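Colleague: In order, the protein sequence lines correspond to chains A and B.
According to the numbering used here, numbering within the first sequence proceeds without interruption in unit steps and concludes at 172.
According to the numbering used here, numbering within the second sequence proceeds without interruption in unit steps and concludes at 360.
Keep in mind the hints are simulated off the structure, nothing from the lab.
Predicted model only: the values in this text are computed from it and were never measured.
Keep in mind that a hint or two might mislead.
[As the list claims (entries may be wrong)] Facing chain A, a subset of chain B residues (Cβ under 8 Å, in silico): (1) LYS233; (2) GLY243; (3) LYS335; (4) LEU351.
In this text, a Cβ means the ideal position worked out from N, Cα and C, and glycines have one as well.
Letter by letter, the chains look like this.
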Amino acid sequence: MAELNTGGKKATPRVDMTPMVDLMFLLVTFFILTTVISTPQAMDIAKPDKNEKLPENRLELKASKTMTILLGKNNKVAWYMGVAGESAPTIESGSQIEDAIVKNRKTADASGVAGDFVVLVKPTSGSTFQNFVDIMDELEILKVKVRQIDDDNILDNEKQFMKEKGIL
Amino acid sequence: MPRIKVKRTSTVTDMTAMCDVASLLLTFFILTATARQPEPLAVSTPSSTYEFKVPVENNAILTIGQGKVFFEVAGTKVRAKTLELMGEQYKISFTPIEIQRFSNIGSFGVPIQSLKSLIAMNGGDRMKPGVQPGIPSDSTDNQLNAWVLNARKATKEINNQDMRISIKGDAKEEYPVVKKIIDVLQKQSVNKFLLVTNSEAKKK
Numbered sequence: 005m006a007e008l009n010t011g012g013k014k015a016t017p018r019v020d021m022t023p024m025v026d027l028m029f030l031l032v033t034f035f036i037l038t039t040v041i042s043t044p045q046a047m048d049i050a051k052p053d054k055n056e057k058l059p060e061n062r063l064e065l066k067a068s069k070t071m072t073i074l075l076g077k078n079n080k081v082a083w084y085m086g087v088a089g090e091s092a093p094t095i096e097s098g099s100q101i102e103d104a105i106v107k108n109r110k111t112a113d114a115s116g117v118a119g120d121f122v123v124l125v126k127p128t129s130g131s132t133f134q135n136f137v138d139i140m141d142e143l144e145i146l147k148v149k150v151r152q153i154d155d156d157n158i159l160d161n162e163k164q165f166m167k168e169k170g171i172l
Numbered sequence: 157m158p159r160i161k162v163k164r165t166s167t168v169t170d171m172t173a174m175c176d177v178a179s180l181l182l183t184f185f186i187l188t189a190t191a192r193q194p195e196p197l198a199v200s201t202p203s204s205t206y207e208f209k210v211p212v213e214n215n216a217i218l219t220i221g222q223g224k225v226f227f228e229v230a231g232t233k234v235r236a237k238t239l240e241l242m243g244e245q246y247k248i249s250f251t252p253i254e255i256q257r258f259s260n261i262g263s264f265g266v267p268i269q270s271l272k273s274l275i276a277m278n279g280g281d282r283m284k285p286g287v288q289p290g291i292p293s294d295s296t297d298n299q300l301n302a303w304v305l306n307a308r309k310a311t312k313e314i315n316n317q318d319m320r321i322s323i324k325g326d327a328k329e330e331y332p333v334v335k336k337i338i339d340v341l342q343k344q345s346v347n348k349f350l351l352v353t354n355s356e357a358k359k360k
């Protein structure tokens, strides 16, 4: 009589885990990719108050310590020291402004005039949001403490200069 | 002469341990995950070296891109309250179900008159291009101003904290578009903003 092969060698109950592992890693990958790993970074900026009735909103700047940077088209910037129209602006590409800021700060600090070195940023209609963020970032990197954003009072001679140079 | 016996080992490896690790990781990621919200207006933000995290609460995000502006305020309760206040202002009554559905919508950009139909849509339809034309921010019909103002009120009422405003602008966006939005905010005497950027390695 044939015997049932129950005893003797016991087959180990082995399950092939490979497909399960495959599936697991697929899910892990999916969750890694959909998870917001880090919250985005932000830049903290403050714009001057527009309320002109408050006298403390008017700030007097020292001409020899003020650098104005105009943001123009095609990632170009124009900068000048002091009062508009008195000194001819210099056109530079946005990535090279760093050296100019460092140089002007040195000159301003050496001049002996009291007060901080101020950078006035004027984004014009030709510039992009990227240009604006870049320049603010540059000022942060260079630790320029006093920086002002002014997009309302772009002077006529500034506009004219920029038009002549084709960056507005 | 005895033959050399080559012992054959099976190539089957025990996958159990690997499976364990994988499921452990999977559990971890599922539990920590907050799914990324799909955005109806995709923007690529410029990069900067600032290391300031965008706050998770008490924050409104204005997304600017392609000349349009989209609005989002953090927190479901604040969203619900904001919609209530907006409804009062524009004389539109929203049902509790609509308010509940709205509180789960992230960023949106439709005029308030067509907000009801946006709420009624399902998530997939909302993301279709052309469905959301942006929030009107002209001086004739400045709904963006109303949204920001009501969101500030709602945040103050519910969390008793001041709301921050983050601007998430597209890197290629022209400055005048951004300026227009900032001017709207400055009219409300909001002079401090956060500009959302990608992080970039610091230059040495």
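Colleague: Confirm or reject each hint.
Modeller: How the hints compare with the structure:
Contact between LYS233 (chain B) and chain A, as hinted, is not supported at the beta carbon level, the nearest pair being about 20 Å apart and thus beyond 8 Å. Hint on GLY243 (chain B) is violated. Least Cβ distance to chain A is approximately 30 Å, over the 8 Å limit. With a cut of 8 Å, the hint placing LYS335 (chain B) at the interface with chain A holds, because the nearest CB-to-CB distance is about 5 Å. At its closest, the beta carbon of LEU351 (chain B) sits 4 Å from a beta carbon of chain A; the interface hint therefore holds under the 8 Å criterion.
This entry does not satisfy hints 1, 2, going by the numbered hints stated previously.
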